[in-house]
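With chain A fixed as given, assemble chain B onto it according to the hints.
Just so you know, the protein sequences line up as chains A and B, in that order. According to our numbering, numbering within the first sequence proceeds without interruption in unit steps and concludes at 367. According to our numbering, numbering within the second sequence proceeds without interruption in unit steps and concludes at 367.
Hints are not guaranteed to be accurate.
You can't tell identical chains apart in this list, so a pair holds if it fits in one copy or across any two.
Claimed, not checked - Computed cross-link-like contacts, SDA-like style, restricted to lysine to any residue with a CA-CA straight-line distance of at most 20 Å:
| id | residue 1 | residue 2 |
| --- | --- | --- |
| 1 | 153 | 270 |
| 2 | 28 | 305 |
| 3 | 115 | 4 |
| 4 | 28 | 309 |
Keep in mind that the hints were calculated from the coordinates and are not lab data. Computed from a predicted model, the values in this text were never measured in an experiment.
There are 2 protein chains.
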Amino acid sequence: MKIGGHAYRTIWPEDDGARVAIIDQTKLPHRFEVVHLTTVDEAARAILTMQVRGAPLIGVTAAYGVALAMRVDASDEALAAAVAFLAKQRPTAVNLRWALEEMRRHLAPLEPGKRADAAFAHAGLLADQDVAMCKAIGEHGLQIIHEIAARKKPGEAVNVLTHCNAGWLACVDWGTATSPMYQAHDAGIALHVWVDETRPRNQGAALTAFELGSHGVPHTLIVDNAGGHLMQRGAVDLVIVGTDRVTASGDVANKIGTYLKALAAKDTGVPFYVALPQSTIDWTLEDGFVIPIEERSGDEVLRLSGRTADGAVHLFDIAPEGCVAANPAFDVTPARLVTGFITERGICAASRAGLLALYPERDAAA
Amino acid sequence: MKIGGHAYRTIWPEDDGARVAIIDQTKLPHRFEVVHLTTVDEAARAILTMQVRGAPLIGVTAAYGVALAMRVDASDEALAAAVAFLAKQRPTAVNLRWALEEMRRHLAPLEPGKRADAAFAHAGLLADQDVAMCKAIGEHGLQIIHEIAARKKPGEAVNVLTHCNAGWLACVDWGTATSPMYQAHDAGIALHVWVDETRPRNQGAALTAFELGSHGVPHTLIVDNAGGHLMQRGAVDLVIVGTDRVTASGDVANKIGTYLKALAAKDTGVPFYVALPQSTIDWTLEDGFVIPIEERSGDEVLRLSGRTADGAVHLFDIAPEGCVAANPAFDVTPARLVTGFITERGICAASRAGLLALYPERDAAA
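Only chain A is shown next, with the shape it has when bound in the complex:
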């Protein structure tokens, strides 16, 4: 999507074949900085420190991380080590493990001398596939927005609420949850997005507001507490969020707080959709409540990044000195609260039957 009129992806290999460029998302929204990854350690660090975040982008970054490792040592041992090292950076993200397995499966049969070039090419293919998948998700989600827009009075906007950033900054382009919004906006549908700030890391305030604003999509920032009230008052037509992992029965692990919005949507009759590429589905799990939930540092709750009036960016403490904080990073929304999934193959119910209707090859595999 566009920033300052220039079309970007979130990750791309430089022509020298030795560096991979990313947008440092920890600097947003205050500064737009492109940084280069040159080693597998730098790729792992970019994932761990959330310079890149979002399930699809984490997967593609890990794939390029394997490619960077292969440039140094393309032995079987180095391949296994790179895959294992990258996999442990974010335990909740199934897409990370999927992308790494995809790289391993592709590279393992090759002779070591061919692995580095093949790894870069395959990481690039995964990136292109992600763009195509996100575009398809948007096309399917656009139908839902079209139907709501058709019931509106002339000039009335369709109001979508989203949590966290399942935007193009979380993917390679388009985004998952945002793809229907970008496509609706580009198609001339009057659309307005309520953006949850998404404490503690403020991905909504820092990233979703930034990317929607950069692309020209009307939006309003709200605190995470406000969405239920807005739904009660009829100000939300539709919720669309992303996910880090969906189980085979349709339970949804996503950014902490998603569950609360799903409860409010159910209580107020607002449709609640989850947008996802198929790589996010964990067919090995039924019950979402066995998904390990990453417990991040309490410092992320106690300390925020912001800019003062002079434009300088600082870390600030917002709690009393000595205060202790807990920071579970994800929660699980039970399938019963989800209206449907928007995938690259279409829209389905949040259930095993719904998912199998879109992915029948999984039924044969069972």
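Positioned in the frame of chain A, the structure of chain B alone reads:
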């Protein structure tokens, strides 16, 4: 309650009879500062800018505001003007209107020359009544905590979650929602409090964490998004919140985000109690959804107060430049989501019948 070993109330008249001391709560948790109100304008400003906040403290501050007005001009016109002026500072707070009506009713029959001293005395009486009411609320709420503690294994703490600050800083002493917690802690019950930070103004992080910490009650700060997850995982035994207004049918207007916690409590089977003094009950209203919801400045969402490593306190921006924010300050939790009310007279169901059982004189009045 105690700060640095010294027992404070949140508001007190100085011996000179011309000044009223308050704790400037906008400076917390970074600085503890006592400031003096000397005019009705200063009292109104303290309410508007939230140097004082919380339904009971707003009421008592308004009462002292009337007293300060009477020192300057004790005419009928000045009394009416002071009451009208103070009432409009926070439209959602029924307690503000209650305290002002109480002052007007008490002062109007007196001859002007006696009104100033009588106003100070009556404001002091309202403060003392609030302390007694909060203490009684705590004694009733303590029973609930006792019952949960009795089912725990030895050494296991009772985990209470609270939203915003219905603490002693919101009252004159004890607090409403916190009063059962302080009394349980003081009685030696192992108690741990999950403190919602309560965006956008962070009253949980700034005030509740501060006052619980000052009094020595174990607590952990969490983002507002985390409570649902903690309830799903069995980490919350009980929710207790305060309220700005309760309707005669039991609907609860409270800080934005309360509704989301009530939904999660209902979904997970966690008891959800609202602590309130009777002055918070608006017997003239049935349906909570007609309560006017204060829409505050979006700047409160975009800009936060925090301290840098050198201890300096700044305002800092967390969203992209030019970002627009909406800021509804309260939401309404339907009575069906509330396990019960904890009032100074006891515990009752969140319904007209429940409230009338505790306040039968209201039935006679109807």
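Taking the hints in turn, this is what the structure says about them:
1. 153 to 270: Classified as within; 17 Å inside a copy, 38 Å across copies.
2. 28 to 305: Cα proximity of residue 28 and residue 305: in one copy and across copies (12 Å, 18 Å).
3. 115 to 4: neither (36 Å within a copy, 69 Å between copies)
4. 28 to 309: both (15 Å within a copy, 18 Å between copies)
Hint 3 from the earlier list is the only one contradicted by this structure; the remaining hints agree with it.
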